[in-house]
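Colleague: In order, the protein sequences belong to chains A, D, V and X. In terms of the numbering used here, the first sequence opens at residue 39 and continues consecutively. In terms of the numbering used here, the second sequence opens at residue 39 and continues consecutively. In terms of the numbering used here, the third sequence opens at residue 490 and continues consecutively. In terms of the numbering used here, the fourth sequence opens at residue 490 and continues consecutively.
Quick caveat, the hints were computed from the structure, so don't treat them as lab data. Take the hints with a grain of salt, since some may be wrong.
Said to hold, decoys possible - The list that follows gives simulated cross-link-like pairs (lysine to aspartate or glutamate, EDC-like), each with its CA atoms no further than 16 Å apart:
id: 1; chain 1: V; residue 1: Lys575; chain 2: V; residue 2: Glu620
id: 2; chain 1: X; residue 1: Lys619; chain 2: A; residue 2: Glu49
id: 3; chain 1: A; residue 1: Lys42; chain 2: X; residue 2: Glu539
Stated by the list, open to error - Listing some non-contacts, in silico: residues in chain V with all C-beta distances to chain D over 12 Å:
id: 4; residue: Tyr492
id: 5; residue: Asp498
id: 6; residue: Asp499
id: 7; residue: Leu502
id: 8; residue: Cys508
id: 9; residue: Arg510
id: 10; residue: Gly512
id: 11; residue: Gly531
id: 12; residue: Ser532
id: 13; residue: Lys558
id: 14; residue: Thr573
A quick note: this is a predicted structure, and the numbers were derived from the prediction, not measured. No residue lacks a Cβ here, since even glycine has one placed at the ideal position from N, Cα and C.
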Amino acid sequence: MIVKYFSWIRENIGQAEETLSLPDTVKTVADLLDYLSKSSEGHAAALDVRGLVRVAVNQIHVQHDHALSADDEIAIFPPVTGG
Amino acid sequence: MIVKYFSWIRENIGQAEETLSLPDTVKTVADLLDYLSKSSEGHAAALDVRGLVRVAVNQIHVQHDHALSADDEIAIFPPVTGG
Amino acid sequence: MAYVSVQTDDFDLNAEVACIRAGNQDIGAVVSFIGTVRDIDGSLRSMTLEHYPGMTEQELERIANEAEKRWPLIGCRIIHRFGTLKPADNIVLVITASRHRSAAFEAADFLMDFLKSNAPFWKKETTAGKEQWVEAKAADEQALERWNS
Amino acid sequence: MAYVSVQTDDFDLNAEVACIRAGNQDIGAVVSFIGTVRDIDGSLRSMTLEHYPGMTEQELERIANEAEKRWPLIGCRIIHRFGTLKPADNIVLVITASRHRSAAFEAADFLMDFLKSNAPFWKKETTAGKEQWVEAKAADEQALERWNS
Numbered sequence: 039m040i041v042k043y044f045s046w047i048r049e050n051i052g053q054a055e056e057t058l059s060l061p062d063t064v065k066t067v068a069d070l071l072d073y074l075s076k077s078s079e080g081h082a083a084a085l086d087v088r089g090l091v092r093v094a095v096n097q098i099h100v101q102h103d104h105a106l107s108a109d110d111e112i113a114i115f116p117p118v119t120g121g
Numbered sequence: 039m040i041v042k043y044f045s046w047i048r049e050n051i052g053q054a055e056e057t058l059s060l061p062d063t064v065k066t067v068a069d070l071l072d073y074l075s076k077s078s079e080g081h082a083a084a085l086d087v088r089g090l091v092r093v094a095v096n097q098i099h100v101q102h103d104h105a106l107s108a109d110d111e112i113a114i115f116p117p118v119t120g121g
Numbered sequence: 490m491a492y493v494s495v496q497t498d499d500f501d502l503n504a505e506v507a508c509i510r511a512g513n514q515d516i517g518a519v520v521s522f523i524g525t526v527r528d529i530d531g532s533l534r535s536m537t538l539e540h541y542p543g544m545t546e547q548e549l550e551r552i553a554n555e556a557e558k559r560w561p562l563i564g565c566r567i568i569h570r571f572g573t574l575k576p577a578d579n580i581v582l583v584i585t586a587s588r589h590r591s592a593a594f595e596a597a598d599f600l601m602d603f604l605k606s607n608a609p610f611w612k613k614e615t616t617a618g619k620e621q622w623v624e625a626k627a628a629d630e631q632a633l634e635r636w637n638s
Numbered sequence: 490m491a492y493v494s495v496q497t498d499d500f501d502l503n504a505e506v507a508c509i510r511a512g513n514q515d516i517g518a519v520v521s522f523i524g525t526v527r528d529i530d531g532s533l534r535s536m537t538l539e540h541y542p543g544m545t546e547q548e549l550e551r552i553a554n555e556a557e558k559r560w561p562l563i564g565c566r567i568i569h570r571f572g573t574l575k576p577a578d579n580i581v582l583v584i585t586a587s588r589h590r591s592a593a594f595e596a597a598d599f600l601m602d603f604l605k606s607n608a609p610f611w612k613k614e615t616t617a618g619k620e621q622w623v624e625a626k627a628a629d630e631q632a633l634e635r636w637n638s
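The shape of chain A in the complex, shown without the other chains (with noise of 0.2 Å):
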């Protein structure tokens, strides 16, 4: 599974992509915030304000209940600002 970052979220991680292979109780976005907060104190803190993290599944905003496959291109960012 790939995930990308962006904006400060990504900044605070230290990189713009990571590939991951996940334990199988990771199912769904909330779970993948959990085990990722517990990787790094970098990932700890820009995941910190879970209603500050939107997340793309495939190039498609979902919410933090969606289902995840173990192909999925996720990605992880703070409220859009562009416009």
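Got chain A; can you put chains D, V and X on it based on the hints?
Modeller: Below, chains D, V and X without anything else, positioned relative to chain A:
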């Protein structure tokens, strides 16, 4: 008093402008429209449907009950269609 | 602050937007509306716009001032053409500029609604066989009422 | 029918309006929105826009398609820049064209509201001493809700 006509009201009346000396009985826009309607068949046809007659006095839109002064510039026209 | 012009010449959208933006770095939103001569079925030869010189300019300024009272605009421009135009020609341009988009959108929409029902212009269409004055639309009067609530 | 572009280059308003109008004589209304880099107090040096290549284009197309479903548009164009921009530079352009003005106004307003809350762009401002990510505004989320009623 100068009276100007526009659009199909001008065409029906057959002139763009006329200068009038009105009798004392003509006190309001409505009085003026009644008075003008009697002055020719063209005037009558042009002003026949009062709901389609718009009036400006001194270049400001007014209602038909607006009171007139001898030196007013009156304009009579159908509903506007610009833009 | 508002700029109003009633003219036979065409206008240049880029130049007009540049005028409204010049020297204003606090503008965040610019909304433009262009009204054009529409030819639905290919039968229109030309459209002639008559207006009431003097009142037209005054009325457009009044409408622009009203918009500036209602919204925090940084700039506001209205250009309306008259005379004889061809299908697809420009008729009217309204531009509004503001810090945030909602003011610019609402003010431009408002300006067009008020202009449609108040600016003293009359359109006459020339098709193959005849000339005909365009009738006012009830929808335009209704559009105005939105702004009273 | 909709045209979408995500690019570093600036856009030319006249050229884009000409594209949407080309060959369409039944257009009566063209609404354009330009969003620009705002510098309220003169302290802004630059603004950098990051985006999510791939998703951005897809999301803008989805938003444009939604607008085309809701309003009878004859044309619809969205151009959004990314990279580093200066104060007063253009950021985004939305153009809508339709027979009547209400569809063009409403669709452009809708497109900007949806783009603001859904297109994956993030702005970072650089002032004299520091860099700071722009925070999303609650007002933008609220603006979206208008379109659900």
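Colleague: Look at each hint and say if it fits the structure.
Modeller: Results of checking the hints against the structure:
1. Distance check on the hinted pair: V:Lys575 and V:Glu620 sit about 14 Å apart at the alpha-carbon level, within 16 Å; holds.
2. Our distance criterion of 16 Å between C-alpha atoms is met by X:Lys619 and A:Glu49, whose separation comes to about 15 Å.
3. Proposed proximity of A:Lys42 and X:Glu539 is supported: the alpha carbons are some 13 Å apart, at most 16 Å.
4. The beta carbon of V:Tyr492 sits about 17 Å from the closest Cβ of chain D, which is more than 12 Å, so the claim that it is off the interface holds.
5. Chain D leaves V:Asp498 outside its interface by the beta-carbon criterion, the shortest separation being 17 Å against a cut-off of 12 Å.
6. Listed as a non-interface residue, V:Asp499 keeps its Cβ farther than 12 Å from every Cβ of chain D; the least gap is roughly 16 Å.
7. For V:Leu502, the non-interface assignment is confirmed: its Cβ lies about 17 Å from the closest Cβ of chain D, beyond the 12 Å cut-off.
8. With a cut of 12 Å on Cβ distances, V:Cys508 stays outside the contact zone with chain D, its closest approach being about 21 Å.
9. No beta-carbon of chain D comes within 12 Å of the beta-carbon of V:Arg510; the shortest separation is about 24 Å.
10. Its beta-carbon lying about 29 Å from the closest one in chain D, V:Gly512 satisfies the requirement of being farther than 12 Å from that chain.
11. For V:Gly531, the shortest C-beta to C-beta distance to chain D comes to about 21 Å, beyond the 12 Å cut-off, and the non-interface label holds.
12. Non-interface status of V:Ser532 relative to chain D is upheld: no Cβ of that chain comes within 12 Å, the nearest being about 18 Å off.
13. Distance check on V:Lys558: its Cβ is at least 18 Å (rounded) from any Cβ of chain D, clearing the 12 Å threshold; non-interface status holds.
14. Remark: the non-interface label on V:Thr573 is consistent with the geometry, its nearest Cβ contact in chain D lying 15 Å away (cut-off 12 Å).
Checked against the numbered hints above, the structure breaks none of them.
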